[in-house]
Each structure stands twice: as structure tokens, then as C-alpha cells.
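Colleague: Produce the complete structure using the sequences and hints provided.
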Amino acid sequence: MEKEIKLEIKELKKYYPVLKGAFKKVVGQVKAVDGVSFSVNKGETFGIVGESGCGKTTLGKCLVNLQNPSSGELLYNDTETGVKNALNLSKKESFKMRKKIQIVFQDPYSSLNPLKTVYSAFEEPLKIHKMGDKSKRKKIITEIFELINLKPEFMHRYPHEFSGGQRQRICIARALCIEPEIIICDEPVSSLDVSVQAQILNLLKDLQEQKELTYIFIAHDLSIVEYMSDRIAVMYLGKIVELADAKLLYKTCKHPYTEALVSAIPTPDFDKEPIRNVMKGDLPSPINPPNGCSFHTRCPLAEERCKIEEPNLKRVKGSENHYVACHLVSTVEE
Amino acid sequence: MLSYFIKRLLAVIPILVLTSIIVFAGLQLAPGDPLTHLIDPMEMTADFDREALEEEYGLNDPIYVQYFSWAGSLIQGELGYSLVNGAKISDVIFRRLPATFELAGAALFISSILGILLGLISSIKPNSSIDYFGQGFGVLGVSIPDFFLGICAIQIFAVTLGWFPVGGRLEYGTEGFLDRADHLIMPALILGFSLTAAVMRFTRGSMLDILNKDYIKTARSKGIPERVVYAKHALRNALMPVVLILMFRLPFLVGGTIVIERVFNWPGMGSMIIEAVTGNDYPVIMVTTLLVSYVILLASLLVDLITALLDPRVRFE
Amino acid sequence: MSEQTILKVKNLQTQFTSGNKTVNAVNNVSFSLKSKKTLGIVGESGCGKSVTVHSITQLLPPLGKITDGKVTYIKNGNEIELSGLKKQGRQMRSIRGKEIGMIFQDPNTSLNPVYTIGNQIVENILQHEKITKKHAIEKAADMLNSLGIPMAHTRMNDYPHQFSGGMKQRVGIAMAMVSNPSILIADEPTTALDVTIQSQILELMKRIQEDYGTSIIFITHNLGIVANMADELAVMYMGKIVEYGSTRQVLTSPKHPYTEALLQSVPFVGMDKEKRLKSIKGSTPDPSSLPEGCSFASRCEFATEECKVFPNEFHLGDGHHVKCWLYKDKEVSIKKDGKRDKIGN
Amino acid sequence: ACSNDEKVTNETDSLDNESSNDNSNDAKTEASNEALLVGDGNGEVFGETFRTFWVDNPNGIEYWINRGLLKRDADMKNVHEDLAAKYEVSDDELTYTFTLKDVVKWHDGEEFTAEDVKWSIETAIKFPTAVDTWYAFDAIKGYEAYKEGEVDNLEGVKIKGNTVSIELRYPYGMFLQKISNFDILPKHLLGDADIVKLQQDPYWKKPIGTGPYKITEVKFGEYAVLEAFEDYDGPEPNVKKVLYQRIPEGKVLPKIQAKELDYIGALRNVDLVDQISKVPGYKVHKVPQIYNRYFMVNMKGSQKLEDIKVRQAILHAIDRKTIVEETFKGQAEVADGHVPPSFADEHNKNIEKYEYDPDKAVELLEEAGFDFSQPLKIAYYYDNQETVDLMNIVAFYLEEIGVKTEISLLKGDLLELIYHQADYDIIYAALSQPDPASAIQSYSEGSLMFQTVWDGYQYDQVFSLQEELAQTSDLEDRARLIKEIDKIQAESLYILPFYHMNVYAAVNESRLKTAGEYGNEWVDYKRHLENWQLKN
Amino acid sequence: MKSVTTRSSIVQKQWSNLKRNRLAVFGLFIIVVLGLATIFADLLTSYSPNGVDLSNRVQPPSTEHFLGTDKLGRDVFSRVLYGGRLSITIGLCGALGAAFLGVIFGSIGGYFGGWVDRILLRLSEVVMSFPALVLIMIFIAIFGQDVFNLIIVFAVTGWIGEYRLVRGRFLSLKNEYFVESCRAYGMSNLRIIFGQILPNAITPVIVSVTLATALYVIAEAGLGYLGLGVPPTTPTWGNILNSAQSIDVVREYWWLWLFPGSVISLFVLGVNTFGDGLRDLIDPNQ
Ligand SMILES: Nc1ncnc2c1ncn2[C@@H]1O[C@H](COP(=O)(O)OP(=O)(O)OP(=O)(O)O)[C@@H](O)[C@H]1O
Ligand SMILES: Nc1ncnc2c1ncn2[C@@H]1O[C@H](COP(=O)(O)OP(=O)(O)OP(=O)(O)O)[C@@H](O)[C@H]1O
Ligand SMILES: [Mg+2]
Ligand SMILES: [Mg+2]
Ligand code: NI
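Chains as they are written, first to last, in my numbering: chain G, 1 to 334; chain W, 1 to 317; chain U, 1 to 345; chain P, 1 to 536; chain R, 1 to 286.
Hints in this document: simulated from the structure, not taken from any laboratory.
Honestly, I wouldn't trust all of these hints.
[Unchecked claim] Here chain G is said to cover these stretches of chain U; the calculated rule only asks that three of the stretch's residues, wherever they fall, bring their Cβ under 8 Å from a Cβ of chain G: (1) 14–28; (2) 118–127; (3) 159–167; (4) 222–233.
[Said to hold, decoys possible] Reference excerpt, derived from the structure (chain W facing chain R, CB under 8 Å, subset only): (5) Leu18; (6) Ser143; (7) Pro145; (8) Phe148; (9) Ile156; (10) Val159; (11) Val254; (12) Val259; (13) Arg262; (14) Ile285; (15) Leu291; (16) Ser293; (17) Leu297.
For glycine and all other residues, C-beta sits at the position ideal for the given N, C-alpha and C.
Modeller: What follows is the structure, encoded as C-alpha cells:
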């Protein structure tokens, strides 16, 4: 089956200025996202993992236009109008774009305005995008409520009357109600209790099936990303260090960082070797990322070359869908 | 630390300039005319030479010239002359400032010590009777207008009991501080009263806040005695916002000084400001407000410094 | 049993009262900690894990109160009843830090920002040992060094904000361990940390246990971590221990429906994508208005009428206990000494 | 000179002084035993610096330390020699010749000369706020040219040895009285100062004069110590030392009750005078002085009061007698004109009186077709409590007869607000004047009032009387003219007279024996300071 | 399941919480009693606040004149009531005006950040470095004594508190996910600011307005005492106290200052305790 590319990112960068002093002089830059390229196919789930602060959220926000990328291209394949670079759209077009890509945030507690009823949380986006009149909107919302397994009579309640899991379902539903094609899930379960995480993950899977949605699934928990995604990108300090099919990644990870990540995942599986590859040191500051391979400061295998030369993301030799940015892995130029 | 201080100092400069411009501009807006305070308008005759007068007071230069000549001479320490009585402002301030500093300083000293102490006591046993007493005192302190309290105090302690003089600061023949301490006690206490209450309330709130912090739990988990937990771990953290609030309260203190000086006939800057305002004495208003605001800015610098001393996060910023 | 018990908690009940609401944050909890072993406590947020361990050292928030139960610390055969001590009394304080060290969840907030980390560690030493300050500093530096903080001597003059999260947690551990306590209570010590840092800290804690022979109470909500860390495991739900046993027992053959569901609701690496996760319906009830009976009943797929009454504890052998009516018939009645090791009512 | 004294009663600055309850240290008691303790009833004395003696109501201390060529009697009419040994007036009353005393020394030892006199007159003409000399110095020959700076020399003033002759362009009836109130300042100290910046000269920090006392110590805002001047050319004063204190009004009574004040003049606070008179040993003396309270009518801007009946009605509506009796406890009199009865010669008993008669007031208003729906705008510009009280009383009485009122306090550029914007129907004023002629001066052609808000209401009869008055020096003629002008005022009511306030001086008679003459505190008159004596 | 909660039931719940705070209820009681008394002053006294009665000057309290009479024979009780009406209005309007400015500036500065914010911040620092009373006095000297001017002046000099509060709230709230998601589906900035964030930032402002009202009532009294408040011919609490500047009033006519002063203190006390109660309700930690 020929895969249809839904979204393609080329060399996306987002630098935040570091301001200092009374005059707010720019003294440096946080390279939150530093040259990321990938493409997402229609209907797939593209997972992104990485440690805290590596730029996952920033990337996600860039994709939905909540942050203006510093540079790069964001090609969006609209079912109606074809491929467009989402970064240089007119105001009107970008408003339309918003309808197509939606985002679900990490914290369902702060994702809903505590002073607005859930109903109005749904109604606002519908109103803004002029979807239907009052009764039509009510119908849409009622349907959505059923879709997420909530009783429609809860519609007029305030967010604080819902549990975390319910809220996250509401957030997902709200993102869905304007019928987007892509949903970015930024750590949608990490602030939920373990017992309700599964509800959300299952719901996301069900919805994807029903609505042919494309997901970009962000998390720092490799096991969850792996479970949810078709392909996974591993981020480190604003860059993708490894990108592969989910099944492959866990078994045949190439990058030392991915290895460390995989081995650090605690599993309640007694047969698994306990922690074997403890990585030294902390994540360096993205303000002054190390030269060369940004991972070399923590890499157990680092060589001289790694300190000087920055590795590019290249395809792993002998593997079709597996890319890695490491000097120590034999790759092929494309 | 030094460089931090210098940086803070430099950051204040634009505010200083802005302040002076605002003060100047504001007073240009004033329709007031000091001339009519020299001579009753009813006595003015038709051939009264107004222009000469304006020239006498330099009121007819273009505005920016007035500003620059004013600002220029300010920098040289030349503060100008009062329109109303022709006195050299620097002389007047020099004469009045010590009185105000004495009063405000005493009030600030008393109230910060007392306020912090009371707040601390209150916070250690929240909802105890001591705490209720403290809270009651706190809310009373911020509720009673200080001049009213002053009037009551005069009536009770000066008029009825005769413990303290009715007002004033010094008199013919008295020189030393102790000679006039009896004049100072009542106004300083009254002026400090509401500040004490405010500081007390704030210290209490801040302490209760800090006592909920995780690191207090950590400290307790080490088995150190409660008094060390309070004195070492909680107080220093709680003090930072208190120092800040003291700073924020400083303008109130100055405002209070104005009123209290009036109540107690204290010959300080406050009465001078009132006089200048009622007399439309521009130069004096300008210079004194500017001076007061600079003192407050200076105090804010000081507060920053203290905060930096108390809080390494600021220091190493 | 050959293993020595070092801490015994019996029928502990801790309440929070605010206004007219009373929350039984910890309800009838009993467990014991064996010397040089690790006891894991898992459970969802708000199930009472922290309150349980804070009750041991009586470090409860102002509104919290131990209303029932006994906490006994056993040192060299001497039993000290901690629950009978005065909250801030000398005896209680001599236990804290000296006998029982604690590490908290968020290293970013659990260190006092205005004192150097050296100061904060030394404080603990000087409180419990009669040595000179110089010695204490030496000792603290050694401790930090052994926990993998390079140049410990100079770094001791740094303030917490100059440290990264992982380093701060190491400082926290150093602070708890520096007086060489017999028990270390770690309240979700890695939840706020990244996976890679988390594994560093976990390694460290294991090493400490080996080096110092410390008994550890390890709180987490991550089943993966307990599998690695704990010898015994208590699963808590709404203030009660619903299942208790060796880690292997509990994780490989979970008995309580809650434990079981919990295990099946998290994906693990390499899991079959097509397989649906098991989701527990509903969410945790409001702790201030718990229904009668088994508090899990409303979410339990096996719930019956019986669950309207709170289940007894059933002993399934090898120290595996569960509180669920499903096991009322499966209880192995080994009453060796005539006494039934009963946890519940 | 006269004064805007109302404004200073609200004096904030204040200073130290002793309360009745404080009986502190010996040094002070000693000091007070030997010194005459004088209070500044005026309230504005040397707050921050001394003010140029020529401006309106400057310090109150200058009468102790400085002098003019002549000195008036306490009744403000006749004059005597002071710095001048003798004076002559030419028959046409255009030339005045003053022969100075031979040896007069300034406090710094320098000799007083005719140069000082000439310099003082010239400088005062150029000094903008030298109120005292208005009108009088205008009459000097060459005034215009000198004032405009066309010439360097004032033509009318000539000196020859120790005589000074002043030539006028036209007769000025009050010239001698005016010159008697004019302080001569030392040219050798102030001669080089920029005239418009004269006030800023360091001289004013501790001024010197030729008077019987010199300043030895000043604490601005608090007190000044005066000592007898050893080279004084007149009789040596009995009292060698004077402690001149600045006392806020509120502190006068405690001070007096503690017997820490021997003399204080210019007392106007009714309650205070009442209470002082009850303190044993003290006596209050009523001072012959004109101090009037009245309303000016806005004749031009306000159509409402155009009809004289309305103006009459306002006076009829207000029970001035009760106000005077109740709130002033008899320390004031209802005014019909501008000259109080105490100036018997100039007081006109036969002028129109407007008694309290609300019914008549209503009647008059109705006759005049007064629009009761529009409020009467009352303005005032003194912001003290007493004025506010009076405004409230006036408003109350007017509202009793159905006239709405709108009271506003003018602030800011008063000249502009009063004379040009003039957004009021009546405006309150309270002025003290040294003599009857000055009291009626706003009814002269040169007054700002006539030139602005009374514009168009020419009053030829008054103007010619005023002109005659200005040129007449004969006291009887003057009295007649003043009476006449006052009568016209009372009939035309451009000014609504309210009352004459009494002014008092308080003396601790158990300690101080004064010469028994008390005049207008704001004017230089013969106090016979050298005869003052401290008992015991 | 729980019954459906509506906004009014939230209010009800808060109200019942408030009721439990006895001090706050006490404060509210004072506010209501004094407020009603001033509103219905004409029912409580037959004397006009400006009714001069020169034959009855400075009478001590009696059955006829409940709180005595002043120097013009006006009934002090009536003046205190009518004066309170204006004083409370001034205080409240001043506080509301200041809050309005503070909220607008704070929302705009906090939401947009950048140079707008920096300018506002500098401005607030400058305003803050002037003592409010001095600033107010200068403003009054410039614009004249007038009730409306006084309110404006209070607003112009008093917005800093609310500004900082709202700005702070905005700074933290603008990064909350619910705001981000509003932006994600394309809501306009104005709607986000005023429709979404502001309601969440407004509760502390309510407390602040309450406490500011107390502050301004005191400020009005202080200014009136100094003779710099509203025109002295209008009775307000401050202007009534103006007479207490002279020591003989303090000595001899205690009822002229003791009663109005006590009423001010009582009212402010009520407002403060009520404000504290409200704050406890909103932020139980403080
Ligand atoms: N608005 C901002 N201004 C400046 N720096 C920012 C901003 N937002 C994020 N950053 C910085 O960019 C980097 C990447 O942040 P981002 O939130 O994208 O990380 P993340 O991978 O989502 O982390 P987490 O797992 O904690 O959510 C961080 O170092 C962060 O400090
Ligand atoms: N300070 C407090 N005041 C009132 N109730 C409290 C307080 N602390 C805890 N509780 C109650 O005790 C219960 C258990 O809290 P506890 O902190 O022990 O949970 P936990 O299992 O540690 O959760 P987490 O995983 O979030 O740390 C909570 O549900 C709460 O209702
Ligand atoms: Mg993130
Ligand atoms: Mg916890
Ligand atoms: Ni005069």
C-alpha cells in the first residue's frame, strides 16, 4: 500500500532567546528544537520520545502554530487543497489550518477553563469555526459525548466535577469536535493515575480507527510510545537521534542513547534483566549544547570524532525504515 | 555580589530620569500660580507687574529649557529656591530631613522588629489564642486611621495623663537626642502602629506559607529541634517577602509621616510637602517628591540587596 | 522466620479533619519491615502512601492525626513505640534522621534554597553526633563523593539551585543517609526525574542498601520500579493495603482484582500492539465520602453483593495476603502458632 | 500693607514649643526668665527664611530690628520721625524732604546713609512684590522711566548730604504714611544683588537693620533670639533679650497656660481669645485695626445679581447679627460699610443697613424675578476651616429662603480664576487693611476688580471722590471723602459687607509691662519698645 | 452520582464556607449595617447634615443630638451618616477604578509581554516609587478638589496592586493548557484575554478591591483631615475630622472627632475582616 504523506517537516528549528538584565538583552538562545525533519503518513501514529526538556512539547506546539518556528518548513497535505507550507500562510489560511491540526495537552487539569462549563468548552471552537447553528452544535456535542463514553447530561458541569481521566477524555473530544485530521498528543497520560491511563490509550486507539486520524504521540515513557506508535523518533537536545519503526526500535536500537533509554525502562517483568546500562550524567543545558554529537558527554562509547563532528540522521545500513544519528553506526548516505 | 549591585544600580537610572520627567511634566500641568500665594488676589492692582514677577521666578522660559536647567542644577546639588518664601530648598531640606528621618526611622525600626516578632509568634501556634490576639491586633492596626489614633493618643497621653508633650520636636535650649526623645515616642509609635500590623500580618502569612514547604518537612525529618526549624529554615525564607513588603510599605510610611507630622506638629518634610502643595510652590514640590521617590528607590535597592543576601538564587542570577 | 523485623506497623489509622469533613487517609494499615530488606508500597496518587510513612515518624501536616494503631521500631531487640512519642519531643527527634532517614518526592522543593547543601547535610550530622564541625564536613563530603558527586568538597558550598534534579536527589539521599540510619524511607524518590536519571538513582539506592545494610521503605506508583527494587510489596488502595506479599508473588500472580488490573493496564516494551490494554473503569472515589465496604467495588469487574462489606484479609500462603472476598474460600489456614497474622478486621 | 491673613491660619509648619505639661530642663527655664517671650501671632514668621521686608505681610519681626524714615502712631494716622530727624512737606505737597539723623548704625557697625534710602526706594520700585509701595511710589517723578529701565536714576529722589528729597508728579495724600511703613534696607549688603532675585540673597538668613534689637540666633521655623543693639541711636531698651517664637495657632493656648509667652499680637481666633482672657495674669487688648469679611459681586459675568434687589436680598437673608453673636462671641461687628466704628472719624453711621429679614429678602427676590431654580455660585479661595464654616452658614441661610447654592473652592491660578474666568456670582474675601482709605481702595478706578469683573459698571462719582482722596492729606477732608465713598458702596452693593473682625494682642501682665499702645500688627507703628519692661 | 452543580450552587457553597468564618461574617455585618445606615440616613435622623443652628453650637451628646453638635450647631450624627455615604462611595469607586486600570494594564501586559509589558512595568515602578499620598496631594493640587477628581486620583495612583496581581496571574495562566488550546483552535486574543483568562484572574482582584476600599476610606479621611480631600463644604468623614486639627477641638470637643473617627475605624475594620475572610476563602494558605 502506498503511504500518503500527511505532514512533512523539514529542518524545523525553534530557538528561544535568553534574555537578561534590565534591558532584556538577548544573551543566548535555547535551542529547543534544532533542525528536525520527518514525515508523517496518513493514519499512522508517529511517536516522539525523549527526556524532559529535549524539545518535544516545543515541536508539538510548532506543528499546531502555537509557536512560530525560527526556521524550517512545515508541509501539510490538506485533503482539499493539497500540500501547503503551513508556515507562510495568510491569516485566513492559517485559521483554517488550525481546524485541521489539533493538540491534546499533558495536563487535563489545566486544559479546561475551570470557570466554563464543559459544554461551553466544546461550543467555543465550534462557534469560532462557524460549525452549525445552536441546535446543530448541541447535536455535535452530544454525539461526541457519547463517543467518549460520558453521559451527555454531564455536559453542563464544571471541569472540577470530573476526574482526571474524564477530563482528558473531554480534552480529546474537544480537539476532535472540529474534525481535525491530525491530533498531536503531548504526553496525554503522564499526569494521570496508572489505573486510568489505559482508558485514554484505548480511547485514542479506538478513535484513530473510527475517524482515520493521524497522531503524533509525544511521551517520555518509551513503553507507552512504543505501544501506541507505528514509528518512533527519539529526541535528544532538540534533535532526532534515532527514528525507526516501533517494533524495530526496541529490539534493534542503534543509538547509545536509545539503548540507555530502553534499558532504563522499569518493567514489572521479572524475567527481564534488571537495569544494565546506567547512563552517566544529566541532560546538558539546551542553551549551550555540546559541540559535535550532543550526546557525547554522556555516551559510554564516545570517541574523539563525536566531540567534533555532528552526526546527521542517516539510514541504517541494511534496514529500510531505520535512521540514526551516530558516528558509530554504519549508515548509508541517501 | 558587587557586580549584581552595580547592575541593579544601573537599572535604576532610567527610572530616576523618567521619574524626574514625570514630576516635571506633572507640575507643568498644574494651573496653579504661586504668585497669588504671595499677595492676596484681592489686593492686586491693575498695574501690578506680573511679567517681572514671572521673570523673577523664571516661569517664562520654554518648558524644555526649564526642565534642563532644573535637572542640570539638580545634578549639581543646586535644588533651587522656594517660590513662596524664597528660601533655599537645600537649606530647608537639610533642616527638615533629620526630623523626618528620625521619626520615620524610629517608626520603621520599631515596627519591623515588633511586626516580625509578633508575626512569628502568631504563626508558630496558628489558631491559638495568642494567634487570635495577634490577628486581631493586625486587623485593628490596618483599620484605624493613624491620624485618628494620633488624636486619641494626644488626648489620652498628653492632655489627660500628661506623660508626653502635645507635639513638636525641639525647643529653645534643647539640643541632644535624649532631650527630645519624649517628643518622639508618641508620634513614632503611632506612625509605626499600622506598619507593625501590616508586617505582622504579612510575616504570619509568609511563615504559614513557608511552613507548608517540602524543605521544612525535610528539616524536620533530620530530627532537628522545632526552634531551629523555625529560626533557621522557616524564618529566613519567610523574611524575604517580608522585606519586600516593608519596601512596598515605605511609600505608605512616607504618606503616614505627612499626616502624623501634622498631627504632632513635627517639623519635618511632611509638613513641608503639605505647605508646598497648598502654596503651589512648584520647586519645592518637585524637589521633595523627587527626593522622596529617590529615597524609596534607594530603599528598594537596599531591599534587593538584602534579598540577595538572604536568597542565593537571586545572588547567583 | 530468620529475618529480623525492624519496624512494625499495626492497625495504623490516620485522619485528616478539616471543617466537618474527615478523611481516613490511612485506614487500618499493618505491615512490617524486615532488616536489610526493601518494602515497596505502590498505589495510585492519593491512596495514602505518603501519609502512611509520615505517620511513622509523625511528620504529618497540621491537620493530620494518628487516631489509632501502633508503630514499633525495633533496635537491637529493643522495641520503641514510636506512635506513643510526643510529636516534636526529644525522643522522636532522636529517631528522625538518626534511625530513620527520609527522602522525598521532589528534590527541587525538598531542599532549603537559602542554605548551602553542605550546611544542610552537616546539620543532620551535628544534630545526632557529637563531633566537630570540621569532622562533620569531612563526613558529608565523603558521603556525597560516594553518591557520585564529583568534587564534593567544593560543591558543598553550592546552593541547591546550582544543582540539577538528579544531583539534588543525591544530596537528599546523602542527607538522609549521612547519619547511617537503619531505615530509609523513600517517598517516590524518582517520580520527578527523567528515566535515565531515575535509573541512576535506583542503582544508587540499591548500592546503599548493600553498603550500609539499610532497610528501605520504597514508595512509588510505578510497578516497574518496585519489581526492581522491592523484596516485599504492599499495594494500597484508598487508604488500605489490599494486597501484601513478596514482590514476585504479587507481581507474577496478583490476586486482588485491583493489582491485577493495574498490571495489565500499563503497556510494556515489546508488547503486542493489537492487544488492548485492560482499563479500569471509573476513577478513584472521593476519599472523604467512601462507600461502605470494599472501596474498589465500584470499579471492580468481579464485584458482588458481598463487596458491600469490607473484606477480611485472606492469607494465601508464603506471606501473601489479600483483602478481597474472591479469596474467602482459597485461604490457606496455616495457623502455626494458633495466631492468625491478621491485618484487616 | 495689609494681608491675606486668612490663608496663613492654616499654617502647617509648626514648630516647637512647649506644652503645658512639659516642665523640662533648667537651661530653658533660665533662658525664658531673662528673655521676653514673644509669640508670632501672625503665624507665618520665618518659616524657612526671612522674607523681604517690602512684601506683603512678611515676618512680623522686622519691627523689632528695622526701621523706616518715619513711624506712624498706633491709630495709623499721624506720623513721627524715626530714621529721619525731621521732615518737610512743600506747600504744593509735591516735595518731601527728609533730614536723616546724624549717627545711625546698622547692626553690623556700618553707618546708615542717605544712599541707603535712595537705593531702597529705587530697588523697591523694581522689586515685583513690593506691595507696600504700590500707589505711593507711582507718584514719584520719573517713576515710569525708571521702572521701564529707560534711565538708571530715579529722577524724583535726590540726596544731598544727609537729606533726601522726594519729588512727586502729583499730590499723594498718604505719602507720609506710606513712607513710614517702608523699611530701609542696607545698600552695602544688598546693593549688588540682582533685584528680581533679591529674596534669594543670603542676607535674608540673618537680616540686619537699624532697629533697637538685632538678631543673634535663628532657628528657622522655631525661634529667633533678639538682643538689644548696643549702638542704637534711640533710648536704650529695658528688655535686653527677646525670644521670638513661631507658634502654630493650636499651641498658643497651652503655651500661655504654661506662662511661656509674654506677648502675642494679631490674635483673631475667637475661641482662643476667649480662653486666653480667662488665664490669670493675661490680658487681651483689642487693637484698632480694620479687618473685614465681605463678598465681592460678579457684576459682569453674572446676570443673576444684576438687579440690586437681589444683592440686597442676600444681605437681608443672612442673619449676620446672630452669626456674630453666636460664633464670634461678640468679637466682631456686623459691617455695613468698610470702615469699622472703631475708626470713629471715618466711620459713616448713616449708611444703608440691611437687617436680617428673610421675608423681605424673598419679597425682593420675587420682585426682581429671581430664578430660584438656578444655584447661586459662591466662590472662596481660603482653605481654612473658619472660611469653610462661614460658607456653610451662608449656604444654609440662603437655602432657607429657597436660594440654591453651589459653593466652590478656587485653586490654582487665582488671578485668572477670579478676574478673568470669574465663574461665580459672589466671591468671599477677608482682608485686613492698615487704614480706612486702604479699606475702600477696591472701589477705585485702578483696582483689578473694576477693570475686570466690574467692567462696564463705571462709577464716575466714586472715581472722582477717590481721586480727590488720593491727593488730599488733610485728615478731616479725608474722613469726609471716605465716609462718602463708603455710603455709595453700601447703596450700590458691588461688595456685600459682612462683618468687621476684631483683632487682639495678649499680654502677660504679671510679667510684662508694655507701653500700652497696640496697633495693627502688620504695620509699622510706634510701639515704644524701649519702654517695655519685664517685672521682677 | 452527585447532583448537577451550577454556578449558583458554587456561590452557595462559598457562601456557606464564608459563613463559617465568623470574623468575615462580623465584617460583613458591620459593612451592611453601616452601609444601610448611610443609605437610609434620612430615615434615621431628621437633621440635615448642613442644618446650621447657631444657637446650638458645640453641644455635647444629648438625647436631642445623639452625637452632639459641631461648631455651627450641625448635628454630628447626621453628618456622620451623610458623610459616610460619600466617603464609602469615594472609597469604593476609587478602588473599582484602580482595579479597572490595574486589570486592563495587567491583562494586556501579562498576556502580550514584550515591550508593552516592559513599559507598563517601568511605569508601575515609577508610580510605586512615589508615595501615594504625596502623589494624590499633587494631583489634587493640579486638578482641584472635587469628588470625581478624588476618585480619579485614587484610581490613577492605586492601580499598581491590581496590576501586579493580574499581571502575575496572567503570566502563569497564559501558559496554562486551556489557554493554549483556545489559541490552538484559533480564538482571538481579545476573547482569550477577557473571556478565558480574566475570569480566572479576577477572584483575587475582588479581595484586593475590598481591601483597597478600606484603604481609600482611610485615605479620604486623612486627606480630609489635612484639608486636601473633597471640597471642605461637602460633608465626608474626612472633612468632618478636619476640625480636629486644632488642639482645642481635641481637648474640649471630643465628640467632634471621637465619633466620626470611631465610625471610620469600625467601617474599615469591617471591610478588612471581610476582605481577609474572602481571601481565606480563595487562598486558604494565606
Ligand atoms: N517559552 C519558552 N521560552 C524559553 N524557553 C523555553 C520556552 N518553552 C520551552 N523552553 C525551553 O525549551 C526547551 C525544550 O522545552 P520543551 O517544553 O519543548 O521540552 P519537553 O521535551 O516537552 O519537556 P517535558 O518532557 O518536560 O515536557 C527547554 O529547555 C525549555 O526550557
Ligand atoms: N495536608 C493534608 N490535608 C488534608 N488531607 C490530606 C493532606 N495530605 C493528605 N491528605 C489526604 O490523605 C490522602 C492520602 O494522601 P497521600 O499524600 O498519602 O497520598 P499518596 O499516596 O502519597 O499520593 P501521591 O502519589 O500523590 O504522593 C489524600 O487523598 C488526601 O485526601
Ligand atoms: Mg513537554
Ligand atoms: Mg505522596
Ligand atoms: Ni497688606
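Colleague: Against each hint, give a clear statement of whether it holds in the structure.
Modeller: To see whether the hints hold, each was checked on the structure:
1. 14–28: violated (count 0)
2. 118–127: violated (count 0)
3. 159–167: holds (count 4)
4. 222–233: holds (count 7)
5. Leu18: 5 Å, holds
6. Ser143: Nearest chain R Cβ about 4 Å off; hint holds.
7. Pro145: The hint holds - W:Pro145 has a Cβ within 8 Å of chain R, the shortest such distance being about 5 Å.
8. Phe148: 4 Å, holds
9. Ile156: Check failed: Cβ of W:Ile156 comes no nearer than 11 Å to chain R, outside 8 Å.
10. Val159: Hint holds; W:Val159 Cβ to chain R Cβ min 6 Å, cut 8 Å.
11. Val254: 4 Å, holds
12. Val259: 5 Å, holds
13. Arg262: Cβ of W:Arg262 sits 6 Å from chain R, so the hint holds.
14. Ile285: 6 Å, holds
15. Leu291: The hint is violated - W:Leu291 has no Cβ within 8 Å of chain R, the shortest such distance being about 11 Å.
16. Ser293: 4 Å, holds
17. Leu297: With Cβ-Cβ at 5 Å, under 8 Å, it holds.
Checked against the numbered hints given earlier, the structure breaks hints 1, 2, 9 and 15 and satisfies all the rest.
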